[in-house]
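Each protein sequence line maps, in turn, to chains A and B.
Residue 88 in this note's numbering sits at position 88 of the first sequence, with consecutive numbering throughout.
Take any residue in the second sequence, count from 1 to its spot, add 518: that is its number in this note's numbering.
What the hints contain is simulated information worked out from the structure, not anything from laboratory work.
Every value quoted in this text rests on a predicted model; they were computed, and no experiment measured them.
Worth double-checking, as some hints may not be accurate.
Residues of chain B clear of chain A, computed beta-carbon distances all greater than 12 Å [unchecked claim]:
hint: 1; residue: Gln-523
hint: 2; residue: Met-825
hint: 3; residue: Trp-838
hint: 4; residue: Lys-949
hint: 5; residue: Gly-967
For the chain A half of the interface with chain B, some residues (derived, Cβ under 8 Å), not all of them [stated by the list, open to error]:
hint: 6; residue: Cys-14
hint: 7; residue: Thr-18
hint: 8; residue: Ser-109
hint: 9; residue: Leu-112
hint: 10; residue: Arg-116
hint: 11; residue: His-138
hint: 12; residue: Gly-139
hint: 13; residue: Met-150
hint: 14; residue: Gly-194
hint: 15; residue: Gly-401
Glycine is no exception: its CB is placed at the ideal position from the N, C-alpha and C atoms.
Protein chains: 2
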Amino acid sequence: MYLTQPLHKALRECPTRTATVFAGRRHTYAQFADRVARLAAGLRALGMQPGDRVGMLSLNSDRYLEYLYAVLWGGGVINPVNIRWSAQEVAYSLDDCDTRILLVDDAFSAYLPDLRAESRSLRTTVYAGDDETPDGMHGYEALVGDHAPMDDAMRHDDDLAGIFYTGGTTGLPKGVMLSHRNLYSDALGTLAAGYRQPAVVGLHAAPLFHVGGIGLTVQLAARLATHVVIPQFTPEGVLEAVSAEGVGETFLVPTMLKRVVEHRSFSDFDTDSLGCVLYGAAPIDSTLLDRATRALPNADFIQLYGMTELSPVATLLPAWCHKPEGRKAGKLLSAGKPVSTAELRIVDPEGRDVETGTVGEIAVRGPTVMQGYWNKPEQTEAALRDGWMHTGDAGYMDADGFLYVVDRLKDMVISGGENVYSVEVENAILKLPQVSACAVIGIPDEDLGERVHAAIVLKEGASLDFETLSRHCRSLIAGYKCPRSMELRDELPLSAAGKLLKFKLREPYWNARERQVS
Amino acid sequence: MYLTQPLHKALRECPTRTATVFAGRRHTYAQFADRVARLAAGLRALGMQPGDRVGMLSLNSDRYLEYLYAVLWGGGVINPVNIRWSAQEVAYSLDDCDTRILLVDDAFSAYLPDLRAESRSLRTTVYAGDDETPDGMHGYEALVGDHAPMDDAMRHDDDLAGIFYTGGTTGLPKGVMLSHRNLYSDALGTLAAGYRQPAVVGLHAAPLFHVGGIGLTVQLAARLATHVVIPQFTPEGVLEAVSAEGVGETFLVPTMLKRVVEHRSFSDFDTDSLGCVLYGAAPIDSTLLDRATRALPNADFIQLYGMTELSPVATLLPAWCHKPEGRKAGKLLSAGKPVSTAELRIVDPEGRDVETGTVGEIAVRGPTVMQGYWNKPEQTEAALRDGWMHTGDAGYMDADGFLYVVDRLKDMVISGGENVYSVEVENAILKLPQVSACAVIGIPDEDLGERVHAAIVLKEGASLDFETLSRHCRSLIAGYKCPRSMELRDELPLSAAGKLLKFKLREPYWNARERQVS
């Protein structure tokens, strides 16, 4: 299995089909493959040897896709950099895996002096913006234009394809090593789970540096689809792209979907083409689903659950579970069923299978399980045991084989000796009509060890007092699970990939004190 | 990638789902996995070591599926034996790859004395029938019952999974070596090509020893589907199984499909559940498709083209090409587009790509390409060049990326120095309302080297003279392609997999004389 296979296929099957669309630029598959093979040669000329890491620090663009494929084509290993990180964090990840070449766009050129000062590894920078190439950098278009296309290095199977830094939410980032087989198996397994159209126009609205963006890229490429790219998520950007390019498929997190379907100009755009909305990072609540279904009547909604270490998909909640008869089956709060490539079990702390319906740690085995963490044998050994990736997520499986993710294990609140899964509390709070979003965390409590605390974002113009919240929750869930305190906020802290960053909510309460991880 | 993964998944996701249905016997996935793990232990007790080949000579049954998975679970390599072969041919294939253990059902027990006499390798036989175990054989149910379930040997990826003997139509059979990754990639790539339902009841009507039967098995297993098995194809057997078990998906060759939909009791059966008919070995003609569409209005028709050496699928003709708007696009005579896992090119005898629309040899690269022919380095080298499997099939690709298979290269007729592709002539002949089936071959001709000859099966009660045939063909195709002679036959010789055996038609004309292969 080789991730470059779709380019070879497209050259023979559909060379004139549009491969990338970005900001008015369009390239056919023949042009895309040619640019990829030239850029690969250019990167080789800059010193990239087989297996060498090459980074990119950039908003989404067609060049981001060219970078991904050019590094692989030239035999290198991609290291897509988290655009939300500080220069210090980026430097750590570059140095950790000895990334010497970095591509940077206009949005991040200003970081370069700091980055050069912080990083020991960084030697060569490529300017992937549209202005004149700054001094001391190589020009992207010159690299493409000045080099003849090289042959595909044909790395494959267990050859390393990418290092994806993750875990910035707790401790030092870890470099997740994914092979060609890992990422390609993921796309095939996810597509094989069914319900998908063969050839589509796909939209990259979520960040391409994130493994979800890479996953969508490989899934689209496996169908020789057209990649429409916007620099970063905005509801207008999504609506304009869908309407202008007839986008059939995209990936959003629920908060993004909400902003799209609630956008005041929504009805000015033609969104009939949108046949499939993949979403992840969180389940979709009924209110949002109702609204989204009315707004996008042609769209199938499909949830994907996974993590970087799983390349990334483990389970898929199919479209029918989002439709009236499926919703009656009550699977909407689940993360769906394991895809063909994922064997999934729920284990207790000793690694034994728990009973159906019992909460434990989610563990996954199969061809998408990462090779390990770069240069971190101990953490690799802790996560990978007998081929099983221990996800650190808590969940249970119902009798129909549907997975329910109840929490990150580290997000579980232990209050008065009882385990409280924040998702259950959040679902109760979300039923209040005043609430737009919420997050439940544990904060220090002298009596209980931790107490349940709710951070809440209200709808415009709404108000909520603690008494109302408390009464509402007690009507739905056990007393020990109900919030003992609350804070009202303008917004919740989200990662670039749209994941809620609970550690940021916890920080002010726990200070420098190390929180005990259960 | 490990072919046993679906069993592990089913044990956790759907242990009570029906795994196999055969002749009134039903086993859940929990029972099936238990029997597989016990049979694996039994085979180990009979001497099967990791990597050892184990054969089965049997009609289809639930035990055939248990055999396939038990050998893999126990770390062995399957060698499913062609049930149409003579004892001598079977012995050749057993001895070629040193197969010492053979499972045999009632239908083939009578062959055993001859087989034992012919084969040097064969040591241990297992009786997989339902009567009393004959002397000198081990009983299948005793092997299952007497052994505790063993742990999965977890062979995977490049580990050899099966040896499939092929090529009996010309020269000595060759053992095609397929790995766990080959067969699993094939299923994922074929499913990823879209249009398929996630969980189904599948019917094995075509022989399980054939790679097409194995391919369907892996595709169904990847979706944790129910396998309904009939001993061998009969139209009544298919109709009864579909109606009794609510079969959603099956694989047939067009001649089988024809017999099903033309069956006089067709309307007595409820076939509404049949949502997907996969077919292969030959394109479907419009007359049959019309008839089948009327008979099975809920069914999508999907053509698969491939060969054993490709695990086996290379291209897929999607359902829409079989529907009115797709048929207008004129792709019905094509074999479809390459699946995600298959990179396909058309090459000239020097291995260079030919122009779009030009006939050449079909070559395929990707994760489904076999590891080679067992113990045949020269033939392996001839077939596999730079990772490309040279199929020996002639075809061309149109501008939309659809493949048209015009002939086996060795079936091409060279008449008066012109290449005549028999498929083109056959398609012309099939337009005659009198004709039920036909095959075109080259036979010796003093002037032309070879001349075009048609073997024709007429519809019941129809008649046809050569003058009518000749006039009809000349109105459709060039003169040099038209048959110079014809024979009327009651039926055409077919292989167990439903493939036309042209060498049997050629035999009487070419006698012992070695036909020059172009």
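With a cut-off of 8 Å, does the beta carbon of Met-150(A) approach a beta carbon of chain B closely enough for the hint to hold? 17 Å, violated
- prompt: Going by Cβ atoms only, is Leu-112(A) closer than 8 Å to chain B?
  reply: 39 Å, violated
Checklist line | Nearest-CB test (12 Å) between chain A and Met-825(B) | finding: Check passes; 19 Å lies beyond 12 Å.
Q.
Would the non-interface assignment of Gln-523(B) survive a Cβ cutoff of 12 Å against chain A?
A. 6 Å, violated
query: Should the interface hint for His-138(A) be scored as holding, given a Cβ-Cβ cut-off of 8 Å against chain B?
result: Interface hint status for His-138(A): violated (32 Å vs cutoff 8 Å).
May I ask you to test the interface hint for Gly-401(A) with respect to chain B, counting a Cβ-Cβ separation under 8 Å as satisfied?
-> For Gly-401(A), the interface hint holds, since the closest Cβ of chain B sits about 3 Å away, which is under 8 Å.
> When the nearest CB of chain B is found for Thr-18(A), is that gap smaller than 8 Å?
Replying inline: 15 Å, violated
Inset, instruction - Identify whether the interface hint at Gly-194(A) stands, where standing means a beta carbon of chain B within less than 8 Å of its own. - result: Since chain B brings a Cβ to about 4 Å from Gly-194(A), closer than 8 Å, the hint holds.
| query | Any Cβ of chain A at or closer than 12 Å to Gly-967(B), or is the non-interface label fine? | reply | 34 Å, holds
Is the nearest Cβ of chain A still more than 12 Å from the Cβ of Trp-838(B)? Violated, since 9 Å does not exceed 12 Å.
Let's test the interface hint: is any C-beta of chain B closer than 8 Å to that of Gly-139(A)?
For Gly-139(A), the interface hint is violated, since the closest Cβ of chain B sits about 33 Å away, which is over 8 Å.
- Message: The hint names Arg-116(A) as touching chain B; please verify it with the least Cβ-Cβ distance against 8 Å.
- Response: 41 Å, violated
When the structure is compared with the earlier hints, violations turn up for hints 1, 3, 7, 8, 9, 10, 11, 12, 13 and for no others.
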